[in-house]
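Student: Listed here are the chains, written in short residue letters.
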Amino acid sequence: MPETAMDRAARATPPRMARRIRGLSDRAVAWVFVAPTVFLLLAVNIFPLIWTIRLSFTNFRANRPNAEVSSVGFRNYERILTDPDVWQTMQATAHFLFWTLFFQVLIGFALAWLINAKFRGSNFWTTVIVLPMMLSPALVGNFWTFLYQPQIGLFNYVVAFFSGADPTSFTMIGEVALAPWAIVIVDTWMWTPFIMLICLAGLRSIPPSIYEAAECDRASKWRQFWTITVPMVLPFLMLAVLFRGIENFKMFDMVVQLTGGGPGNVTTLALIDLKREAFEKWRTGYSSAYAVILFVTVFGLASIYVKALNKVKER
Amino acid sequence: MTDTSVTGPSTRLKWIAGVMVVVYAVVTLMPLLWIVATGFKSGPDSIAYPPKVLFAPSLEGYVNLFTTQTRQSAEYLAANPPQTWYEEIVHDKNMVITGPSRFGERFMNSVIIGFGSTFLSVFLGTLAAYAFSRFRVPLRDDLMFFILSTRMMPPVAISIPIFLMFRSLGLSDTHAGMILLYTAVNLSLAVWLLKGFIDEIPREYEEAALIDGYTRFQAFTKVVLPQAATGIASTAIFCLIFAWNEYAFAVLLTSGNAQTAPPFIPTIIGMGGRDWPAVAAGATIFLLPVMVFTILLRKHLLRGITFGAVRK
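The listed protein sequences correspond, in order, to chains Y and D.
Add 89 to the 1-based position in the first sequence for this note's numbering, that's all there is to it.
Add 267 to the 1-based position in the second sequence for this note's numbering, that's all there is to it.
Check the hints yourself; a few may be wrong.
[Said to hold, decoys possible] The calculated BS3-like cross-link candidates involving lysine-lysine, where the alpha carbons are at most 30 Å apart (straight line), are:
#1 Y:K310 - D:K360
#2 D:K281 - D:K566
#3 Y:K207 - D:K489
#4 Y:K370 - Y:K207
#5 D:K566 - Y:K402
#6 D:K566 - Y:K207
None of these hints come from the bench; they were simulated from the model.
The following block holds chain Y by itself, in its conformation from the complex:
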C-alpha cells in the first residue's frame, strides 16, 4: 500500500498515552456523538407526539389557553370516525394516492426503460426530466393555478389546441369533476422522475449475462421482459412506491396552493382537512385525535407494505 499523507502524519504524532484511554474514550465518543441527535429528535418528534396523544383525549383549544380543559375520553376519536366529512376526505386522499401512483409507476417505468437504451445524450435528458421534483411544491402548486386558467392558461390552451375544444369551456381547478384530476396531473408531472430514477437504478442492476443466457435459450424479447426485467426491477419499484405513498399521504403544500381543497371539498386531502381543524377552527383536541389516527394509519400501512416488500426481495 502506498504511503499516504495520513500515514505520515499519523506516525509523526506521539503514541503511548492515547492508546491507554482509547477503549474508554471510544464509548464516550460514541455517546457524545449520538446524544445530540437523539435528544433533538426526541424533543421535536417524540415529545410532540406524546403531547398530541395526550391532547387528543381533551377538549383543549389552543386559541383559548386559559379556558378550562377537561378530559373527554375517546369522544374525539368517536366523532372523527363517524364523521361523513372525514370519510369523504379519506376518499379524496385514496383517489389521489391511487391515481398518482398508478400514472407515476406507468410513466416512470416506461421512461426508465427507454432511458436504459442508452441513446446519445440520455444523461443530459435525464437531468432535465428530474428538475420538477426538486422544486418547492408550494410554488409549483401556486404557479400551476396560472397554467390552469381557463383562457390565458398554457395548459388549457395546449389541451384546446390538440382537442379542438374551447379553452374557456373547462376550468381544471374550479370544477368538481376535474379538480381531483388537476392535482393528480401536477403531482404526476412533479414526481414521475422519482419513480423513473429508482427504476433506472433497478434496470442497471440487472447483469447483462442474464439476458445473454436467455438469448441462448431462445427466449423471446417479450418473455425476457416479463421473466427477467420486471421481477428484477420490482423490489426497486416497490421501494419507490413506498416513498411516494408516504409522501402523498402527507400531501399538503402543493395541493393547498393549487386548489385550497376546493371546489367544495373534493380535493380536501387528509392533511388539508387536519390543518383546517387545527389552525382555522382551533379544535386542538379534536385535531390531535385526527393526527394520531392519520399517523397510525400511515405507520400501519407502511409496516404491512414493508413486510410485503421484504418477501419480494427474498424471492
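Chain D: place on chain Y using the hints.
Tutor: Chain D in isolation, oriented as in the chain Y frame:
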C-alpha cells in the same frame, strides 16, 4: 465475440427511445420555461389570449417584486420625472415607487434558515453517523429505525404541539425556532445518508491512525472527515433543498418576522388581480439555485432521494 452485444438495444430502438424521452423532457420542461418567461413579460402580455410565446421582454415583474408602489396623478408624475431605469418602468404605468417590498426580507429569511439548519443538521448528522458506523452503539438498529421513522410524521400533525411548545418557549416566528425545527426534520436524512458514505470509507485508515497514537477524535477529524467530504457536501445540498422548499411548517409557524419565501411568494398580489409576472419573477429567483444544485448533485441524486436505500 463482436463489438455489439447480442442483447443490447438495436440502433433503431435507441433512436425511437431517444425521441420519446426527448419529447417527454420537452413537455415536462414547458411549465418551468413558462415560469421563467412569464417573469419577463409585461402585465398585459402575461394574460394575453392566446398565450404569448414571443413577446417584448420587460423587467416589470422583477421591479414589482422588489418594490411597493402607489398610483399618482398625471401632474405629480409630470413634476417628478423618473430618475432610474426601474422608476421609469413603473412611471409608464402612472405609478411611483414608495419603497422596497418584503420579498428581499423573505428571501434572506430563507437563506438564513436554510443555511443555518443545513449546517446544524450536517454537523450533528456527521457525528451521529460516524458513531453509528464505527461503534457498537447499544440498540443501534432500533435507533436508526427510530431516526428514519421521524420522517414519516406529517408536519401538520406534529405542528400542533410544536406550535404550543414554541409559543411557551418564545420561539414562535423566530429564526432560531425555524432553524431548530428544520434541523430536526433534516437530521434523519443526514444521519442515514452520511452513515452510508462513512460506511464506505475503509476502517483501516483510522485504525492505522489510532495505532500511531491519534485519539479517536483526531482520527475522526483528520482521517474520516476529509475522506467523507463529497458525501458531506451532497448531504448538505439535500438538506438545503429541503429547508429551502419547505412550506407546511413555515406557513403554520411563522408570520411576520421569520417567514420564508415559499409562503410569501403566492401572496404577492398586484393592483386589480394577481400580478403574475411578479409571482413568476419571485419563483424564478427562488427556483434557480435549486436547479443549479440539482445539476451539481446528479451523481448522488438517487441516494439522496431514497435515504441511501439505493446507492448507485
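Student: Find the hints from earlier in the document that the structure breaks and name them by number, from lowest to highest.
Tutor: 1, 3, 4
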